[in-house]
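Residue numbers (the UniProt record's numbering), protein chains in the order written: chain A, 1 to 369; chain B, 1 to 369.
Keep in mind that the hints were calculated from the coordinates and are not lab data.
There is no bait here: all hints are sound.
It does not matter which identical chain is used: a pair holds within one copy or between any two.
Below, in silico cross-link-like pairs of lysine-lysine (DSS-like), each with a Cα-Cα straight-line distance of 30 Å or less:
id	residue 1	residue 2
1	K302	K110
2	K160	K222
3	K336	K110
4	K160	K189
5	K79	K213
Quantities reported herein were computed from a predicted structural model and do not represent experimental measurements.
Number of protein chains: 2
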Amino acid sequence: MQAPPEEEVIRRLEELGRRVADQILRGEAPYLEVPVRTLANTIWDKKRKMLLLGSKTARREFFDVGESKRFMQTILMLKLILEARREGVHPTIRDLYYRGKHTLTDKSGKNLGENTWDDQRESNAVIQDIEVTTGLLREHMGLMHDAKGRIVGNMSIRSKGQVIELSRLGSGAYAIPSNVDSLEILDVKADYVLVVEKGAIFEQLNEDEFWRKNNCILITGKGQPDRSTRRMVRRLWEEFDLPVYVLTDGDSYGFYIYSVYKSGSITLSYESERLATPEARFLGVSVTDIEKYKIPKNFIIKATERDIKRAKELLNYPWFKESKRWMEELNLFIEKGQKVEIEALSGHGFRFLSNTYIPEKISKGEWIA
Amino acid sequence: MQAPPEEEVIRRLEELGRRVADQILRGEAPYLEVPVRTLANTIWDKKRKMLLLGSKTARREFFDVGESKRFMQTILMLKLILEARREGVHPTIRDLYYRGKHTLTDKSGKNLGENTWDDQRESNAVIQDIEVTTGLLREHMGLMHDAKGRIVGNMSIRSKGQVIELSRLGSGAYAIPSNVDSLEILDVKADYVLVVEKGAIFEQLNEDEFWRKNNCILITGKGQPDRSTRRMVRRLWEEFDLPVYVLTDGDSYGFYIYSVYKSGSITLSYESERLATPEARFLGVSVTDIEKYKIPKNFIIKATERDIKRAKELLNYPWFKESKRWMEELNLFIEKGQKVEIEALSGHGFRFLSNTYIPEKISKGEWIA
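Chain A on its own, in the form it takes in the complex (with noise of 0.2 Å):
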């Protein structure tokens, strides 16, 4: 999928502020029609395995109280982000918020004592809520975000009229850009795609040329994922019917960081339609290697309080909620209290991972979903 068009992007923003001044016209009081981001109005969509937003909205009226300051805020932003795509720029929501940030006046010019608003939690939430009514991400708004993926495989893109060959980078890899949607992916020659957690272990990889060797695509977000990120392992397995495949430390941070890719945040639901890959597999390391892999006790390291608790909250997700498998994992992790790190695996010889581990449990169905 390729993001909008400019000109369509434009036109979206801009069909929202003319509702709004074709009320005020009419003479009514005006309101903007929001779709509800609550948990309350959060869905489990069992045969797409994706969290999706309800079909519940709400009504922000100027001429309410409790509501104008937000109807106001909604309506700076919208003002500040066509401004921002009339002129071709790319701010960053910290950007949006600064240029929006004044306090207010009278009409006199009497200092009134309040700010726009006086937080970016406030201006996030109605970039948020222009997303939602818009049907259009961020990205596709031109707003960019501190963008940490590496990628690198046996694929081409374009970007920018300029055809980049993923296979002839050297050393280094491709940093993926904010906007994904603004890439057009040409060509993918692979049979699935590795995304990894860490990023030493994505730079040994790379350098030792794994994704090579085994005809794969190689990703990292190093650590919990960003947008741009989780949105390229969307689109390698929406529109090329790719496998994928994550691999983070065995503990309950690492599943957690797989649960991003898979179904994205509870609180985030909107998101998940466009950045989710309900099918992605968890490759490792799992609480069951841990014997079957016959990890030294020496590297097993003591699962925090912290640790448990997380894992108790995963528990009650719907995506590993509806695994056997899953639950079963989590609730050993939970007895056990054991955890142990990808690099662990070193213990077995340099080459363990990318020989023996990776390849074998991905020929052997030995993932987990």
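Dock chain B against the given chain A, drawing on the hints supplied.
The following block gives chain B in isolation, referenced to the frame of chain A:
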């Protein structure tokens, strides 16, 4: 400067081991002669504006109860690194920690209840010892880290036989690998290097092709820079004689990040000779910018106690101490307790940073060194 060839790396590592083997064969008590990495053996080289390791070395004796463990750890690590080099693999320092961690046994196989090392700090310390003893950086020894840097601009590099044009990467960028010395920089057509602290600002300037319009190399280490980003900046300055400008937030954390690019850390002075860029210039945001660019009061953040404490520490860094301008800036920061983010400049319009602030400061020479 290129990395030493693989054979040279292996030769130097073997030589270190051979010295010890020869001692044993001659019937002598084995020892290692290791440069001392303490602050007391750190010298501020006024002329080169760098912290350098002094000439003091220490003998690490096998037959000294207080040193025998560290001696054995060093030999064990040397063996592991050589094993990796001979196999042609690229482990991380965490891999080496696990690969070498085991419980000691006596000749009969009885568990002695002591591990080779218990903590990665122990295995890292002997890696540093091997670095200073052999004069090789860990990257030269093929060790990988979680590389964070991104770079883009009118330059081309060769890596693994492939030529990569860093001006033809579309909306993306080149993800800098762990071992920058393995890259051959073929060609640089740029007037200066712009280092930006924040990843999101890099994304923005890249999407708007600031580097093309201003003929510069754009690079980010995403906050506190990693070794390979610092090495890349250093090489562009050293080999291509390019002025280097650093753009950070206007607070002691930002000043510190500039300081790391410029001179490195006081406790890892032996790295400075390869990673530091002593002539790096601080472009902003400076404390005096607050007044000069009329940053609205609304946008100014109160410095925390930690900010002030950090600024006071910076006052004592030799590379700041010798700069009258830096003394003024730091004292003003401590006195006013005001900090300001780069994004605050967006208050003057989305294009203010790229069209006014950066080019004006550079053309008028309004940087601090």
